[in-house]
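> Line order of the protein sequences matches chains R and V.
Just so we're aligned, residue 45 is where the first sequence starts under my numbering, counting upward by one.
Just so we're aligned, residue 27 is where the second sequence starts under my numbering, counting upward by one.
Since the hints were made in silico from the structure, they are not lab data.
Incorrect hints may appear among the rest.
[To be verified] Here are a few chain V residues that sit away from chain R, every Cβ distance over 10 Å (derived from the structure): (1) I28; (2) T49; (3) E51; (4) Y59; (5) Q64; (6) P88; (7) G92; (8) S101.
[To be verified] In silico EDC-like cross-links for lysine to aspartate or glutamate, where the CA-CA straight-line distance does not exceed 16 Å: (9) R:K73 to R:E162; (10) R:K89 to V:D80; (11) V:K68 to V:D38; (12) V:K37 to R:E81; (13) R:K115 to R:D144; (14) R:K73 to R:D160; (15) R:K115 to R:E65; (16) R:K89 to V:D79.
Glycine residues also receive a C-beta, built at the ideal position from the N, C-alpha and C atoms.
Each chain is listed here by its residues.
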Amino acid sequence: MALWEQAHHPAAGGVVLFSGEVRNNHQGKEVSHLSYEAAEQMANKMIAALLDEAKQRWELQVAIAVHRLGKVSVMETAVVVITAAAHRAEAYAANQYIIDRIKHHVPLWKCEHFVDGERAWGGHCSCKQKSTGNIEP
Amino acid sequence: MITLEFFAGLKDYFPPVMEVRETPEDINSLRRYLIDQQSFAKTLLEQCRFAVDDTFVHEDYPLRQGDLVLVIPPSSGG
Chain R
45 MALWEQAHHP AAGGVVLFSG EVRNNHQGKE VSHLSYEAAE QMANKMIAAL LDEAKQRWEL
105 QVAIAVHRLG KVSVMETAVV VITAAAHRAE AYAANQYIID RIKHHVPLWK CEHFVDGERA
165 WGGHCSCKQK STGNIEP
Chain V
27 MITLEFFAGL KDYFPPVMEV RETPEDINSL RRYLIDQQSF AKTLLEQCRF AVDDTFVHED
87 YPLRQGDLVL VIPPSSGG
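Isolated chain V (complex conformation) (with noise of 0.2 Å):
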């Protein structure tokens, strides 16, 4: 299991934690999972970093059981 935090606009499609019960391979599945979920939210998902531990992986980082996921839509602060 991993745990997800979903920020900004991404709020209006996921709660704002949310639990995955079977832990996906690696950053591509899970946002392939995410849309899966979601489909109206694809574009955004499309556009997301994740973190793990406060920083930025790759799209082919290996998601561990217990990891929690920051999911980051396009940055907008200032």
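Just chain R, with the same shape it has in the complex (with noise of 0.2 Å):
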């Protein structure tokens, strides 16, 4: 709710909020929980820079990206994006940009935990058969 307040601008006639939540399943398995770790002063620093490069690209009001570290239970929120640009179609872009950039270049990991007690490294996101991998600096 803090977030959204920062959300608003007189300029900003469109503002996207994405929500990254924790899903009960992955896979045909059953998710009790996630856990997430970071480089935290590298994904911090990565973050803002991403921010920053969307604003001018974008001509964006508003952009705010915050990721939660640590334990995290289904339906809670993991990750949200909030923008804010004269029109809809740039705050979309813009949001889509900063989202799939933390998804993949920032170096955040999710641990997956398992109702049977096992636990998974990284996966869970539908779009990463269609990277091209992590190997670039």
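Join these two chains into a complex; the hints should help.
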């Protein structure tokens, strides 16, 4: 709610909020919860630079991204991206760009904890297969 | 000597922080050194990126004494 209060701007006619939330299943397995870790200092720097880049590219009035670390339960929010622009097209495009970059480039990792006690790092991103890989610096 | 920091699934194979006494020439040498140390982590290490001073570096980046190197598995945020 506090983030949403920061999302409004007199010059913004379109505000988009994306909330990445924890599903209760993955590839047929029941998920108990997720836990996240990050190379925190580097991740914070990258997200700040990413928001600056998106603001310039889409002339955003507002760009906010917050990613939780530690345990996140089913139906809870793991990541929020808010973008506000003069028109909705820019707000949507910028929002998708930011969340895609966070998922694939920022040093952040999820660990899936399943109800059966197993755990697995990574995965869960349906667009991962389309990615060009992670070797590039 | 350089210091390495490991994250996520890599911590199943390496401690969170590890020192390497003899500084490898570059990132490529470091990657090969790590694969030699933990062959079970080969696939994951081949997918990793490396960062120095919180910036991703290329395979031919020359390592220096005292560098802190982050070993970064494929990202999976969101």
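> It remains to establish, for every hint, whether it holds in the given structure.
Cross-check of the supplied hints:
The beta carbon of I28 (chain V) sits about 16 Å from the closest Cβ of chain R, which is more than 10 Å, so the claim that it is off the interface holds. T49 (chain V), annotated as away from the interface, keeps every beta carbon of chain R farther than 10 Å; the closest lies near 19 Å. With a cut of 10 Å on Cβ distances, E51 (chain V) stays outside the contact zone with chain R, its closest approach being about 17 Å. Listed as a non-interface residue, Y59 (chain V) keeps its Cβ farther than 10 Å from every Cβ of chain R; the least gap is roughly 18 Å.
For Q64 (chain V), the non-interface assignment is confirmed: its Cβ lies about 15 Å from the closest Cβ of chain R, beyond the 10 Å cut-off. Every C-beta of chain R lies more than 10 Å from that of P88 (chain V), the closest at about 14 Å, which supports listing it as non-interface. The beta carbon of G92 (chain V) sits about 18 Å from the closest Cβ of chain R, which is more than 10 Å, so the claim that it is off the interface holds. The beta carbon of S101 (chain V) sits about 6 Å from the closest Cβ of chain R, which is not more than 10 Å, so the claim that it is off the interface is violated.
Distance check on the hinted pair: K73 (chain R) and E162 (chain R) sit about 10 Å apart at the alpha-carbon level, within 16 Å; holds. As the CA atoms of K89 (chain R) and D80 (chain V) are separated by approximately 8 Å, the hinted pair is consistent with the 16 Å bound. With a C-alpha separation of about 13 Å, the suggested pairing of K68 (chain V) with D38 (chain V) holds against the 16 Å cut-off. Between K37 (chain V) and E81 (chain R) the alpha-carbon distance is near 12 Å, which keeps this suggested pair within the 16 Å criterion.
As the CA atoms of K115 (chain R) and D144 (chain R) are separated by approximately 22 Å, the hinted pair breaks the 16 Å bound. At most 16 Å may separate the alpha-carbon atoms for a hinted pair to count; K73 (chain R) and D160 (chain R) meet this at roughly 9 Å. Between K115 (chain R) and E65 (chain R), the direct Cα distance comes to roughly 12 Å. Compliance with the 16 Å bound is thereby established for this hinted pair. Taking the CA atoms of K89 (chain R) and D79 (chain V), the gap is about 11 Å. The hint holds against a cut of 16 Å.
Going down the numbered hints, you'll see the structure goes against 8, 13, while the others check out.
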